[in-house]
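The listed protein sequences derive, respectively, from chains L, Y, C and B.
The opening position of the first sequence corresponds to residue 72 in our numbering, with each subsequent residue numbered one higher.
The opening position of the second sequence corresponds to residue 72 in our numbering, with each subsequent residue numbered one higher.
The opening position of the third sequence corresponds to residue 72 in our numbering, with each subsequent residue numbered one higher.
The opening position of the fourth sequence corresponds to residue 72 in our numbering, with each subsequent residue numbered one higher.
The set of hints was computed from the structure by calculation and includes no laboratory data.
Among the hints, erroneous ones may be present.
Since the list gives no way to pick out one identical chain from another, each pair is judged satisfied if it fits inside one copy or across any two copies.
With a Cα cut of at most 27 Å, we get these calculated BS3-like pairs of lysine-lysine [to be verified]: (1) Lys444 <-> Lys270; (2) Lys477 <-> Lys444; (3) Lys268 <-> Lys444; (4) Lys441 <-> Lys413; (5) Lys270 <-> Lys413; (6) Lys413 <-> Lys444; (7) Lys441 <-> Lys270; (8) Lys444 <-> Lys491; (9) Lys477 <-> Lys411; (10) Lys268 <-> Lys411; (11) Lys491 <-> Lys413; (12) Lys441 <-> Lys491; (13) Lys270 <-> Lys411; (14) Lys268 <-> Lys491; (15) Lys411 <-> Lys491; (16) Lys477 <-> Lys202; (17) Lys268 <-> Lys413.
Quantities reported herein were computed from a predicted structural model and do not represent experimental measurements.
Number of protein chains: 4
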Amino acid sequence: MRLPILSEDKFHDECGVFGVFGHPEASNLAYLGIHALQHRGQESAGIASWDGATIHLHKAMGLVADIFGQQALAGLPGSTAIGHTRYSTAGQSTLANAQPMVARTTAGQVAVAHNGNLVNAEELRAELAAKGALFQGTSDTEVIVHLLAHQREGGVEDRIRGALASVRGAYSLLFLTERGIVAVRDPLGFRPLVLGKLKNGATVFASETCALDLIEAEYIREIEPGEMVVVDAEGLRTIQTLPRQRSGKCIFELIYFARPDSQVFGRSVYTTRKALGKRLAIEAPVDADVVVPVPDSGVPAALGYSEQSGIPYDLGLIRSHYVGRTFIEPSQSIRHFGVKLKLNPVPAVVRGKRVVVVDDSIVRGTTSRKIVKMVRQAGAREVHVRISSPPIQWPCYYGIDTPTRKELIGSSHEVAEIQKYLSADSLGYLSLDGMLKATGNDPAHFCHACFTGQYRIGFDAGDVAQLKLFDS
Amino acid sequence: MRLPILSEDKFHDECGVFGVFGHPEASNLAYLGIHALQHRGQESAGIASWDGATIHLHKAMGLVADIFGQQALAGLPGSTAIGHTRYSTAGQSTLANAQPMVARTTAGQVAVAHNGNLVNAEELRAELAAKGALFQGTSDTEVIVHLLAHQREGGVEDRIRGALASVRGAYSLLFLTERGIVAVRDPLGFRPLVLGKLKNGATVFASETCALDLIEAEYIREIEPGEMVVVDAEGLRTIQTLPRQRSGKCIFELIYFARPDSQVFGRSVYTTRKALGKRLAIEAPVDADVVVPVPDSGVPAALGYSEQSGIPYDLGLIRSHYVGRTFIEPSQSIRHFGVKLKLNPVPAVVRGKRVVVVDDSIVRGTTSRKIVKMVRQAGAREVHVRISSPPIQWPCYYGIDTPTRKELIGSSHEVAEIQKYLSADSLGYLSLDGMLKATGNDPAHFCHACFTGQYRIGFDAGDVAQLKLFDS
Amino acid sequence: MRLPILSEDKFHDECGVFGVFGHPEASNLAYLGIHALQHRGQESAGIASWDGATIHLHKAMGLVADIFGQQALAGLPGSTAIGHTRYSTAGQSTLANAQPMVARTTAGQVAVAHNGNLVNAEELRAELAAKGALFQGTSDTEVIVHLLAHQREGGVEDRIRGALASVRGAYSLLFLTERGIVAVRDPLGFRPLVLGKLKNGATVFASETCALDLIEAEYIREIEPGEMVVVDAEGLRTIQTLPRQRSGKCIFELIYFARPDSQVFGRSVYTTRKALGKRLAIEAPVDADVVVPVPDSGVPAALGYSEQSGIPYDLGLIRSHYVGRTFIEPSQSIRHFGVKLKLNPVPAVVRGKRVVVVDDSIVRGTTSRKIVKMVRQAGAREVHVRISSPPIQWPCYYGIDTPTRKELIGSSHEVAEIQKYLSADSLGYLSLDGMLKATGNDPAHFCHACFTGQYRIGFDAGDVAQLKLFDS
Amino acid sequence: MRLPILSEDKFHDECGVFGVFGHPEASNLAYLGIHALQHRGQESAGIASWDGATIHLHKAMGLVADIFGQQALAGLPGSTAIGHTRYSTAGQSTLANAQPMVARTTAGQVAVAHNGNLVNAEELRAELAAKGALFQGTSDTEVIVHLLAHQREGGVEDRIRGALASVRGAYSLLFLTERGIVAVRDPLGFRPLVLGKLKNGATVFASETCALDLIEAEYIREIEPGEMVVVDAEGLRTIQTLPRQRSGKCIFELIYFARPDSQVFGRSVYTTRKALGKRLAIEAPVDADVVVPVPDSGVPAALGYSEQSGIPYDLGLIRSHYVGRTFIEPSQSIRHFGVKLKLNPVPAVVRGKRVVVVDDSIVRGTTSRKIVKMVRQAGAREVHVRISSPPIQWPCYYGIDTPTRKELIGSSHEVAEIQKYLSADSLGYLSLDGMLKATGNDPAHFCHACFTGQYRIGFDAGDVAQLKLFDS
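Please model the complete structure; the sequences and the hints are all you need to start from.
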C-alpha cells in the first residue's frame with residue numbers, strides 16, 4: 072500500500088490556476104506557470120488552449136513534468152491557455168475530477184479552472200441532477216460547469232455571471248472562452264488570484280506571483296474579491312465589482328500554503344512568515360542554545376525567531392530531496408520509521424544543546440511528536456517546540472483539505488496536554504492577536520476560521536454542530 | 072528533448088551502495104538504505120538478495136520509489152541483500168549498466184555493487200574481450216564481474232581478491248555471495264564505506280551513515296582503505312589489511328556530495344561545511360548586509376560564514392521542490408529561463424542590500440552567473456560571491472562525473488576573470504590551505520586532485536597532458 | 072502511421088452487447104460473453120456490474136483479453152452485469168465513446184450498452200445541449216444516456232420507455248439498473264438480440280448465440296423487434312410489445328457480420344451462407360476446376376457453391392493468424408504489399424487451374440482486385456469471381472460503418488466494369504431475388520437498403536440526395 | 072493466472088529466422104519476414120541490422136506487430152539485417168533469451184539468430200562457464216555466441232566454423248557479420264532454411280518460403296544440410312559442404328509446424344498434408360456423412376480425406392479469431408470451458424450426422440476429448456476421429472518443445488485406450504509407413520523420432536532411459 076509521507080501532518084490546498092492571453096506560446100507558458108504552482112496541488116494537472124477554432128485539452132493524474140512532454144504541448148496550439156494543478160484526498164482523486172473541465176455551451180466552448188470550494192455544492196448538484204445533468208466526477212468544479220451549460224441567454228460573460236449567481240463559497244476561477252479569458256474571485260476573496268503582464272503585452276493570471284516570476288511577467292495587482300475581469304481582443308476590463316466592507320482572505324496561505332517567494336494578498340509571504348516568527352519569539356520566549364527549523368516550511372519563522380531572540384539559528388534537521396508524495400511502507404517489523412524518511416537530525420548541531428524547534432503549525436501532532444523524539448535521540452538536552460500560528464481547532468470549508476475536528480489535536484487537547492503528547496520540554500503557540508498583528512493588524516481582512524471557528528459563510532456540511540458565523 | 076536542470080553546474084558522484092546480512096527483511100532494509108543514498112545517483116537502482124538457494128535481482132532505470140513496489144520487494148526474499156543506486160552521464164545510462172550485476176562463477180553466484188571508477192578499465196576490458204568475454208554494457212563494474220568470473224581457484228573470497236589484484240582506481244565494493252557479504256575499499260579509500268549494526272545483530276554496510284540512521288542501525292566504523300571485510304555465518308572479520316601511509320579520500324564528498332546529515336570519513340559533513348564557511352569568512356571577508364545561501368548545498372557554509380562574520384543569514388533564494396532530474400525546455404522564444412525553474416529570489420530579503428551569496432563550488436560558472444543576475448534583478452545593491460572551496464581546475468578519474476578541463480571555469484580563467492564573467496561585485500574562493508585546515512589539517516589524508524591536479528594514481532585517460540602524481 | 076488491414080474492404084458492425092442477471096460470477100460471464108462477440112467490435116470493450124449498492128465499471132480501448140485481467144474482474148462484483156464491445160472509425164474511437172455508459176438518475180444508477188445507430192441523433196443532441204446537457208463524446212449512446220437522465224417521472228422502466236420515445240433508428244439495448252436488466256430492441260429490429268438461460272436459472276442476453284454457447288447457456292428465443300423485456304427479482308417479463316407488420320432485420324448480419332456458428336434472427340448463419348453459395352452456383356455457374364474461398368468469410372458460400380456445382384473445393388488461399396487490426400506499413404519502396412500480409416496463395420492448388428474465387432461481398436473492390444492478381448500470379452489459368460450477395464450500392468444508416476456511395480464500387484460501376492477492374496475472367500453476383508430466396512423468401516422481413524436503397528426509416532444524414540423509403 | 076489456450080495440446084516449434092543482404096530497407100523487409108514466420112514462435116522477436124559501422128538491435132517480448140513501430144524500425148538502418156521470432160516454454164521465456172544475440176568479437180561484431188536445439192548445450196555451457204563466460208540467460212543460442220567469442224583466430228567465417236565444430240544438434244543459423252550474412256544448417260538438416268532472391272538482386276534467407284512470398288522474393292533453393300553459405304560484397308558462395316548419405320529433416324514440419332502455403336524441404340506443405348489425409352482415408356476408412364476438420368491445422372488433411380473417401384467436407388467447427396496466446400481463466404465455478412473459447416460447433420452441420428473429425432496429431436489427448444464431446448453435444452450421431460500421423464510417443468530433442476513421455480497419450484496408451492478416453496466411436500491414426508509414403512517414400516530422409524524413438528543424434532538429456540539411435 073502506498074502511503075502519503077509528505078502530506079502526513081499538514082493541511083492541503085486544493086489547487087493552483089494559471090492563464091495567459093495573447094502569447095504565441097500560450098500553452099508553453101501555462102506549462103511553466105502550473106509547474107511553479109505545483110506546491111498547491113500535485114495529484115493531477117491540465118492545460119486547455121484555444122486556437123481560434125477549438126479548445127484543446129490535455130490533463131492527467133501525476134506531476135506536471137510527467138504529464139506534459141513535447142508532444143502534449145504541441146497538441147495545445149493557440150495564443151490563449153489556462154492551466155490547473157490539483158490536490159485532492161485519495162478517494163476523490165480521479166481523472167474525472169482533473170481540470171480544466173470543458174463545456175460546449177450554446178454560447179460556445181468554455182474551459183474552467185477552479186481553486187476553492189463551494190459550500191452549497193451538494194444542493195446545486197442535486198438540483199442539476201434532477202434536471203438531468205450527468206455528472207462524471209465528484210468535484211465542485213463540475214457543478215460550475217453544469218451551471219454554465221444550463222444558462223440559456225446572453226454572451227458568455229453574462230452566462231458566467233449567471234452561473235455564479237447561485238454559487239456560494241470560495242472560488243478563484245479562470246474561464247477560457249472563445250473570445251479570451253474571464254477571471255473571477257468570490258466576494259470574500261478566500262483564495263488568491265493575481266494579474267500580471269508579459270513583455271509582449273500578454274495578460275497573465277496566476278494563483279501566486281511565483282508563477283509570474285518564472286516566466287518573467289510583471290506583477291500588476293490582485294484580482295479583487297468579487298471582481299470579474301475579462302481579457303479579449305478588445306483589451307482588459309473589469310466587468311463587475313462588488314461593494315465590499317470586509318474580505319475573507321485565507322490567512323493560512325500566508326502561514327503555510329503559498330510559496331515563500333510569492334506575494335500573496337499584496338504581502339511578501341517570506342517576510343510575513345519571518346514576522347510571525349519574531350512575534351512568536353516575543354510571546355513565547357525560551358532560554359535555549361539553538362533555533363532549529365522544521366524544514367522547509369518552518370525555516371522563515373525560525374529565522375525570525377532567531378533574529379528576535381538572539382538565539383543562533385542552525386540546521387539541525389535535514390530534509391531528503393527524494394521523498395515524493397507516495398512511498399511503500401515495507402511490511403512487518405520495520406514499519407513506523409515514518410518521518411525519518413523525510414527528516415534526519417544532525418547530531419553535531421543538537422547534541423547537548425537546548426533546542427528550539429520551530430514549525431508553522433500543528434495539525435494532528437503525530438509528526439511533531441516524532442520530530443521531538445528524533446531531536447532528543449540525537450542528543451538534545453532540551454527540546455522546546457514553538458509554532459508560528461495558534462492551535463488549529465476547526466475544519467476549513469473554503470478549499471482546504473482538513474481532518475475532522477476530533478483529529479485536530481488543537482481542538483481536542485489543551486496546550487499543556489499537547490506538550491505532554493509531544494514530550495516537549497515546553498510548547499508555545501503564537502496567539503491569534505499576535506498572528507493578526509504580524510499579518511497587518513486587520514482582523515476583518517482575513518478568514519481565520521480554522522483557528523477561531525468564525526466562519527464567514529454558512530454551509531451545508533455536517534460535522535460542525537453549531538456554526539459561529541464571523542459577523543452575524 | 073529532456074534537459075537536466077538540477078545537474079547543470081555540479082559534479083556528480085556515481086553511486087551509493089548498501090548491504091545487509093542477517094535480517095529476515097533484508098531487501099526491505101536495502102530498499103530503505105538506497106532510498107537514503109539516492110543523492111549519490113538517481114538514474115537507476117537495484118537490489119540483489121540471497122535466499123539460501125539463488126540470487127534474486129530487481130533493477131531498473133528511474134527513482135528508487137518508482138522501481139520498487141510491494142511486488143518487486145516480495146520477489147527479493149532472503150536475509151542477505153545488497154542495493155545500489157547509480158548516476159551516470161546520459162550516453163552511458165542504460166539498464167545494461169545498472170547494478171547490482173550478477174555473475175555465476177564456478178564458486179557460486181555473486182552479485183556486485185560498486186561505487187568508484189577504475190583507471191585501467193579499458194585495458195582490462197580489452198584483455199578480457201580478447202579472452203572471449205562478452206560485455207553487455209560499458210561500465211567499469213562489468214569489468215570487475217568478468218574478472219571475477221575468470222578466476223579459477225579458491226573460495227569466493229580468494230577469487231574476489233584475485234579479481235581485484237589487477238584493478239587500479241577507486242572502488243568501494245559490496246559482493247553478495249552464497250555465504251554472505253564481502254565489502255572492499257580500494258587501498259587509497261577514495262569513496263566512503265561504513266559499517267553498522269542493527270538491533271538484531273545484523274551487519275550493515277553503506278556509503279554514508281544517513282542510510283544507517285534511516286533504518287536505526289548503529290554506526291560502528293569506516294571500512295578502512297585497503298580493507299576487505301567478510302560477514303557470513305561465522306561472523307564478521309577482516310581478511311585483508313594493507314599497510315598504509317597515506318590515503319586518497321575524496322575531499323569533495325565533504326564539500327558537496329555527501330548528505331549533510333551523514334558522517335563521512337569519520338567527520339560530520341554538516342559541521343565540516345560550516346567550518347569551511349567560517350574559514351571562508353576569515354579569508355574572504357566583505358562588508359555586506361546579508362548572507363544568502365544557494366540552497367540547498369550552500370546552506371551550511373553560508374551559516375558558517377554568517378556566524379563567523381556576524382552578517383545576518385537570510386533565505387534570499389527559494390528552491391522549488393518539484394524540479395526533478397529532467398525537464399522539457401519549451402521551445403522557441405521562451406527558452407533560457409534556466410535556473411529560474413529551480414531557484415527564485417525573495418525580493419523582500421535582498422532589495423537594497425549588499426548581498427553575500429555563498430555556494431560550495433563553481434564548475435562551469437553558468438549557474439552562478441544566472442544567480443548573480445537574478446539576485447541583482449531582485450533589487451540587491453551589491454552581489455558578492457563566496458565559494459567554500461578552491462577553484463576546480465582538474466577532472467576527476469576516481470568516480471566523479473566531471474567536465475573536461477577547458478569546461479572548468481576555474482581551469483580556464485583567473486579568479487578576476489571569473490568575477491567579471493559572473494558580474495559579481497567581488498568573488499572569493501576558499502584557499503587550498505584553508506580547505507585543508509577546515510577539514511582536519513592533514514594534506515596526505517585527502518585526494519584533492521580536482522583542485523590541485525595532484526593525482527594519486529596514474530591512469531590511461533587522455534585529456535590531461537601531464538599528470539602530476541601526488542607523491543611521486 | 073498505423074493502417075487498418077483486416078478492415079480494408081469490408082463493412083463493419085458497430086457493437087456487441089451481453090448481459091447476465093442472477094449469477095454470482097456475473098462479470099466473469101460477461102467477460103466470456105463479450106470475448107465471444109469481439110468480431111462485432113474490437114476497438115474498445117467494457118463491463119458494468121451491480122452489486123446491490125453501486126454500479127462498478129471497467130472499460131478501455133483495446134481487445135477484451137488485454138483490457139480484463141484478474142484484478143479488473145475482481146473490481147466488478149455482483150450478480151448482474153452487462154458488457155459491450157465496440158468498433159468505430161478511427162476519428163471517433165476514443166475512451167469517451169466506450170461503453171457501457173453510466174448515468175446517475177433520480178431513479179437510480181443505470182448503465183447502458185448499445186448496438187445500433189440512431190438516425191435523429193444530431194437533432195436530439197442539439198436539443199439536449201440547448202437544455203444544458205454536457206456531452207463527453209460523440210456517440211449516439213450518450214444521447215440515449217442523456218435522454219434517460221432528463222426523464223423526471225416514474226420508475227426506471229418508465230423512464231427508459233420515455234427516453235426511447237423520441238429516438239428513431241436502430242438499437243439493441245441493454246440497461247443495467249439497480250433492480251436488474253432491461254433489454255430493448257427497436258421496432259424494426261435491425262440488430263440482433265437473443266435471450267438465453269444458464270443452468271442455474273440466470274437470464275442471459277447477447278447479440279448472438281455464439282456467446283451463449285461459450286458459457287453453455289441455453290438459447291431461448293430472440294427479443295422481438297419493438298419488445299422490451301425486464302428481468303429482476305420478480306422474474307422475467309415482457310413489458311412492451313409493438314404491433315408489427317414488417318421488420319428491418321439487417322440481412323448483412325447473415326451475409327457477413329455474425330459469426331458462422333451463431334443463430335441470428337432465428338436462422339443458422341452458417342447454413343444460410345452455404346445456401347447463398349448454392350444459389351450463387353445456380354445463378355452464376357462457370358466451367359472451372361476448383362472452388363477457392365476467400366478465407367474466412369467466404370468459406371461457407373464457397374462450400375455451398377462447390378456442393379451445388381460439383382466443382383471441387385480446395386484451400387487455395389491461406390490466411391495468416393497474426394494479422395491484427397493495425398499494422399505499420401513500412402515506408403518507401405516496399406509499400407503496397409497490402410493484402411499479402413493477410414492472404415497467401417497455395418500455388419499447388421491453383422497452378423494451371425480454372426479457379427472460382429468465392430467471397431461474400433465487395434465493398435471498394437481493392438482487396439478483390441489484389442486477390443485476383445495474386446491467384447493469377449500463383450499460376451491460375453482462369454480466375455472467376457463469385458460473390459454471394461448483390462452489389463453493395465448504398466451506405467447504411469442503421470449501425471454499420473460504410474464508405475460513401477461513390478466509394479462503393481457497386482454503386483459507381485456496372486458489373487462489367489467491375490469485372491474489368493478486378494481483371495477477372497468473369498464476375499457473378501447473387502441477385503437480390505436469389506439472396507432473399509436463400510434467406511427465407513420474405514422481402515418484408517429484412518432491411519436490404521445497402522443493396523437496394525430502400526431505407527426503412529428516414530434520417531437526417533446528408534450524402535444521399537433522394538431517399539427511397541422502403542414502403543412509403 | 073494466464074493460461075495458454077492455443078498451445079494447449081500441440082507441439083511447439085522454437086523459432087523462425089530471416090535475413091536479407093543488399094537492400095536499402097533491410098530491416099523493413101526483416102520485419103515483414105518475421106511477421107510471416109510468427110507461427111514458428113510468438114513469445115519474442117527481434118531484428119539486428121548492420122549499417123556499415125555498427126550493429127543495431129531491437130528485440131522484445133511480444134508479437135512482432137507490437138514490438139516494431141516506425142521508430143523502432145528507423146533505429147535499424149543499413150542494408151543487411153537478420154530477424155528472429157521465438158517460442159519458448161513459460162519458465163524460460165525472458166528477454167535475456169530473445170534473439171538475435173550480439174557478440175563483440177575481436178573479428179568484429181556478430182549477431183546470431185538460431186532455430187533448433189543443441190544436444191550438448193549443458194556440457195558446452197559448463198565448459199564455457201569454467202573459462203569465465205558469463206551467461207545472461209538460459210538459451211542454447213547464447214552458448215553459440217560464447218563459443219564464437221572464444222574463437223581467437225581467423226576471419227569471422229573461420230570463427231563461425233570453429234564455434235560450430237564443438238556443437239551437436241539441430242541448428243539453422245543466420246549470422247549477421249560486419250561483411251554480410253553467414254547461413255548454416257546442421258549436418259542432418261533438422262530445421263528448414265531456404266534461400267531466395269529479391270528483384271533488386273538482394274539475397275534473402277528464411278525458415279519457410281511464406282516469408283519470401285510476402286516480400287515477393289523468388290525461391291531459389293534450400294540451404295543443404297551441413298552447408299555454410301556466405302553472402303557479402305563479393306557475392307554468394309557456399310564455403311562448406313558436408314558429404315551426406317542421410318538427413319534428419321523434421322517430418323513434423325510437414326505435418327503441423329510449417330505454414331500450409333510454404334514450401335518446406337522442397338515440398339508443398341499443403342499438398343503434403345492433403346496427401347496424408349488421402350492416405351488416412353485409405354488406411355482408416357469409415358462409413359460416415361460428413362468430414363469435419365479441426366481448424367485450422369486439420370483442414371488440408373480433412374480435405375484430402377473427403378476427396379479420397381467421397382464423404383462431403385463441411386465446416387462443423389468454427390475457430391475464434393480472437394484467441395491469442397494467453398487468456399485469464401475466470402475463477403471458480405465457470406472454469407474449464409477450455410477449448411470452447413477457441414472452437415464452437417455448428418449444430419446445423421453435425422446434427423444427426425455420422426461425423427469424421429480430422430486432425431493432424433494428438434499430443435496429450437485433452438483437446439481431442441473436448442472436441443469429441445462438443446461435437447456430440449451439438450447433435451452428432453457418431454463421432455469418428457482420424458489423425459493424419461501416427462501416435463506421438465517420444466519427446467523431441469532437436470528444437471521442438473514437447474511434453475515428457477508419460478504425458479504423451481500415444482506413449483502411455485494403446486490406440487483402443489485412447490479411443491475410449493476420447494469417447495470416440497472409432498479412432499484411426501495414419502501408419503508410419505503411410506506417413507512416409509505420403510511424404511516421398513524415403514525413410515532415411517526424415518527424422519521421425521517423435522513417432523519411432525529412432526533418434527539421429529545422441530544427447531545428454533535424462534528422461535529417455537535407452538536411446539534407440541536411428542542408424543547405429
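A quick look at each hint next to the structure:
Taking the shortest Cα distances, Lys444 and Lys270 sit within 27 Å of each other only across copies (18 Å), while inside one copy they are farther apart (51 Å). Within a single copy, Lys477 and Lys444 get their C-alpha atoms as close as 24 Å, which meets the 27 Å cut-off; across copies the closest is 50 Å, which misses it. Taking identical chains as interchangeable, the C-alpha atoms of Lys268 and Lys444 lie at most 27 Å apart only when they sit on different chains, with a minimum of 21 Å there against 48 Å within one chain. For a Cα distance limit of 27 Å, the shortest separation of Lys441 from Lys413 inside one copy, 11 Å, qualifies, whereas the shortest one across copies, 30 Å, does not.
In the homo-oligomer, the alpha carbons of Lys270 and Lys413 lie at most 27 Å apart only across protomers (22 Å), although the nearest pairing inside one protomer, at 40 Å, exceeds that limit. Proximity of Lys413 to Lys444 under the C-alpha cut-off of 27 Å is restricted to the intra-copy arrangement: shortest distance 15 Å within a copy versus 33 Å between copies. Taking CA atoms no more than 27 Å apart as the test, Lys441 paired with Lys270 passes between copies only; the shortest distance there is 20 Å, against 48 Å inside one copy. In this assembly of identical chains, the alpha carbons of Lys444 and Lys491 lie at most 27 Å apart only when taken from the same copy (12 Å versus 49 Å across copies).
For the identical chains of this complex, Lys477 and Lys411 are intra-copy neighbours only, at 26 Å inside a copy versus 42 Å across copies, given an alpha-carbon limit of 27 Å. Proximity of Lys268 to Lys411 under the C-alpha cut-off of 27 Å is restricted to the inter-copy arrangement: shortest distance 18 Å between copies versus 43 Å within a copy. Within a single copy, Lys491 and Lys413 get their C-alpha atoms as close as 24 Å, which meets the 27 Å cut-off; across copies the closest is 40 Å, which misses it. Taking the shortest Cα distances, Lys441 and Lys491 sit within 27 Å of each other inside one copy (13 Å), while across copies they are farther apart (48 Å).
Taking the closest pair of Cα atoms, Lys270 and Lys411 come within 27 Å of each other only across two copies (17 Å); inside a single copy the shortest separation is 45 Å, beyond that limit. Proximity of Lys268 to Lys491 under the C-alpha cut-off of 27 Å is found in neither arrangement, the shortest distances being 51 Å within a copy and 32 Å between copies. Taking CA atoms no more than 27 Å apart as the test, Lys411 paired with Lys491 passes inside one copy only; the shortest distance there is 21 Å, against 44 Å between copies. Taking the shortest alpha-carbon separations for Lys477 and Lys202, neither the intra-copy value of 38 Å nor the inter-copy value of 44 Å comes in at or below 27 Å.
For the homomeric pair Lys268 and Lys413, the shortest alpha-carbon distance between copies (22 Å) is at most 27 Å, but the shortest distance inside one copy (38 Å) is not.
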